[in-house]
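Asker: Residues per chain, in single letters:
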Amino acid sequence: MSVVWHSLLTAGVPALVAGVIWLLGGRIPPLARFQGVLYPLAFGGSVCLACGLIVGRPVFPPTDATHWLFYFALMGILLGWLAEIPADYRWLWGALALLLLGGLMVLALKPLIQSGYWTPVSGVRIMLVLTVATWLLMVLVAPNGEQERGAGLPFLLATLGGLSAGLIFYNKSASLGQLAGSLGAIVGVGVPIGWLLRDFRLRRGVVSVALMMLALLWVLAYGYAELPARYLALLYLSGASLALNRLKPLARLNPIALFALRLLLLLILAGIPLLLSYQAYMAGQEEYPYY
Amino acid sequence: MSKTCTGRWMAYLSAFGLLMGSLPGAYAQRVTYQVDPVHSFVIFRVKHMNTAYAYGRFNSFRGTIVVDERNPANSSVEFEIDVNSVDTGNNQRDDHLRGPDFFNVRQYPKITFRSTSVRKINNTTLEVKGNLTIRGTTRPLTARVTYVGKGRNPRGQEIIGFETTFTIKRSQFGVNWGLNGGLADDVRVTVAVEAIRQ
Numbered sequence: 001m002s003v004v005w006h007s008l009l010t011a012g013v014p015a016l017v018a019g020v021i022w023l024l025g026g027r028i029p030p031l032a033r034f035q036g037v038l039y040p041l042a043f044g045g046s047v048c049l050a051c052g053l054i055v056g057r058p059v060f061p062p063t064d065a066t067h068w069l070f071y072f073a074l075m076g077i078l079l080g081w082l083a084e085i086p087a088d089y090r091w092l093w094g095a096l097a098l099l100l101l102g103g104l105m106v107l108a109l110k111p112l113i114q115s116g117y118w119t120p121v122s123g124v125r126i127m128l129v130l131t132v133a134t135w136l137l138m139v140l141v142a143p144n145g146e147q148e149r150g151a152g153l154p155f156l157l158a159t160l161g162g163l164s165a166g167l168i169f170y171n172k173s174a175s176l177g178q179l180a181g182s183l184g185a186i187v188g189v190g191v192p193i194g195w196l197l198r199d200f201r202l203r204r205g206v207v208s209v210a211l212m213m214l215a216l217l218w219v220l221a222y223g224y225a226e227l228p229a230r231y232l233a234l235l236y237l238s239g240a241s242l243a244l245n246r247l248k249p250l251a252r253l254n255p256i257a258l259f260a261l262r263l264l265l266l267l268i269l270a271g272i273p274l275l276l277s278y279q280a281y282m283a284g285q286e287e288y289p290y291y
Numbered sequence: 001m002s003k004t005c006t007g008r009w010m011a012y013l014s015a016f017g018l019l020m021g022s023l024p025g026a027y028a029q030r031v032t033y034q035v036d037p038v039h040s041f042v043i044f045r046v047k048h049m050n051t052a053y054a055y056g057r058f059n060s061f062r063g064t065i066v067v068d069e070r071n072p073a074n075s076s077v078e079f080e081i082d083v084n085s086v087d088t089g090n091n092q093r094d095d096h097l098r099g100p101d102f103f104n105v106r107q108y109p110k111i112t113f114r115s116t117s118v119r120k121i122n123n124t125t126l127e128v129k130g131n132l133t134i135r136g137t138t139r140p141l142t143a144r145v146t147y148v149g150k151g152r153n154p155r156g157q158e159i160i161g162f163e164t165t166f167t168i169k170r171s172q173f174g175v176n177w178g179l180n181g182g183l184a185d186d187v188r189v190t191v192a193v194e195a196i197r198q
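Chains A and B, in that order, are what the protein sequence lines are.
Going by my numbering, 243 is the number at position 243 of the first sequence; the sequence numbering is gapless.
Going by my numbering, 122 is the number at position 122 of the second sequence; the sequence numbering is gapless.
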């Protein structure tokens with residue numbers, strides 16, 4: 001099977017699975033009551049499927065830290081369900097998300113201390129910073145999943161996934177890049193659904209977990225591939241820019257202008273590192289097509 | 001008087017030791033050799049696009065070989081490869097090989113082999129069984145090792161040479177990238193060593 005076909009398969013099949021469930025959840029009234037359960041389940045399950053198609057059959061515990069993503073997606077389903085709890089108890093979701101993220105970050109990055117790549121002090125410091133940054137990103141953007149209807153938010157998330165895929169790919173990991181692309185495709189299937197169903201919302205559960213999974217992919221690419229720290233910081237900022245529409249001074253803007261502003265920021269913050277990485281790759285003296 | 005007595009006893013003991021030592025199998029003659037990385041090679045090849053073979057090598061490794069010529073079962077091998085030293089003649093490909101798609105060098109910087117048994121097949125061939133660890137996964141490996149020769153290097157040190165070629169399935173070690181695309185599962189590895197007596 002060619003690499004192109006394999007990439008289409010690993011992005012297309014999981015996206016199709018998520019899309020069908022979201023569409024059914026949006027169209028069939030009895031199912032609509034269970035969107036809070038169905039939507040995160042469809043998202044997490046599709047990410048697990050993408051992991052299986054790209055990385056292979058999961059083993060527990062994985063010997064390779066980058067293979068934890070399958071289990072992170074499973075955890076993400078639980079966290080997605082919890083994100084749907086009533087507003088009064090949302091602090092509980094926030095606290096659990098912080099604890100869980102801390103644990104996931106240890107699973108993802110501890111091997112770098114064990115192998116001696118990081119010193120224990122610098123490793124713990126990096127894990128702490130990345131846990132807090134990922135938590136802030138989730139908490140900041142999660143409400144958009146509740147408030148934004150239609151194709152806009154899925155399009156922005158899919159763009160972030162696509163830009164992340166290219167950036168990780170050109171920083172020496174085709175498999176993590178492919179996973180980011182699949183993740184972008186899964187949330188991107190919300191674009192046609194958003195056009196079909198005007199009332200379609202990705203919900204808090206999907207948006208928060210999609211950002212968590214994307215951030216974990218960035219973190220793994222930073223730890224195990226060659227994604228530079230400055231690009232990692234820009235990716236976090238680009239993710240946070242999705243919440244700009246909730247800033248009071250900007251909330252008065254025309255929705256189309258607000259969408260265009262967020263897209264522009266996304267393209268600048270994540271697109272410029274991608275362009276620079278591509279240039280660095282092309283400037284290499286030897287051609288290498290990653291297979 | 002006592003000094004003369006002690007001296008005589010020492011002479012008797014030395015003679016006895018020499019006599020016993022000359023008997024076949026009277027004592028184990030285990031000789032330790034260190035792999036000389038300058039004159040040793042670890043080469044691998046894998047089929048690309050089901051069309052041609054791509055070759056690569058590791059430039060940094062170390063190993064210890066303990067040889068017991070009288071009782072080969074007492075011999076042993078330990079080998080450690082620095083995966084960062086992978087070299088296929090293309091820097092971009094080498095970076096990709098070091099990354100999480102292949103060796104994940106930041107988590108697993110070493111490939112190791114430790115023998116568990118050595119059996120003599122004939123005068124020039126040994127069967128070495130042991131555990132090969134790649135990317136954190138350990139699998140048993142059996143290799144036919146050819147004894148190439150023995151001699152002295154220009155510094156007067158005793159040297160010994162061995163060579164082995166074996167094939168592993170990279171998927172068994174979790175190195176799965178490209179199996180659907182263009183890189184075969186089978187990787188043929190050749191290890192040719194010259195080792196210096198310690």
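These are calculated hints, taken from the structure and not from any lab test.
Source: prediction; values computed, not measured.
Cβ coordinates follow ideal geometry from the N, Cα and C atoms, glycine included.
It cannot be assumed that every hint is accurate.
If you want the ones that stay clear, here's a sample from chain B, every Cβ over 10 Å from chain A, calculated [stated by the list, open to error]:
{"no.": "1", "residue": "E69"}
{"no.": "2", "residue": "E78"}
{"no.": "3", "residue": "N91"}
{"no.": "4", "residue": "D95"}
{"no.": "5", "residue": "P100"}
{"no.": "6", "residue": "Q107"}
{"no.": "7", "residue": "G136"}
{"no.": "8", "residue": "G161"}
{"no.": "9", "residue": "E163"}
Straight-line C-alpha distance at most 20 Å; calculated EDC-like pairs for lysine to aspartate or glutamate [stated by the list, open to error]:
{"no.": "10", "chain 1": "B", "residue 1": "K129", "chain 2": "B", "residue 2": "D95"}
{"no.": "11", "chain 1": "B", "residue 1": "K110", "chain 2": "A", "residue 2": "E84"}
{"no.": "12", "chain 1": "B", "residue 1": "K110", "chain 2": "A", "residue 2": "D199"}
Asker: Confirm or reject each hint.
Answerer: Now the hints, each set against the structure:
no. : hint            : result
1   : E69             : holds, 38 Å
2   : E78             : holds, 20 Å
3   : N91             : violated, 6 Å
4   : D95             : violated, 5 Å
5   : P100            : violated, 4 Å
6   : Q107            : violated, 4 Å
7   : G136            : violated, 4 Å
8   : G161            : holds, 33 Å
9   : E163            : holds, 30 Å
10  : B/K129 / B/D95  : violated, 32 Å
11  : B/K110 / A/E84  : violated, 45 Å
12  : B/K110 / A/D199 : violated, 54 Å
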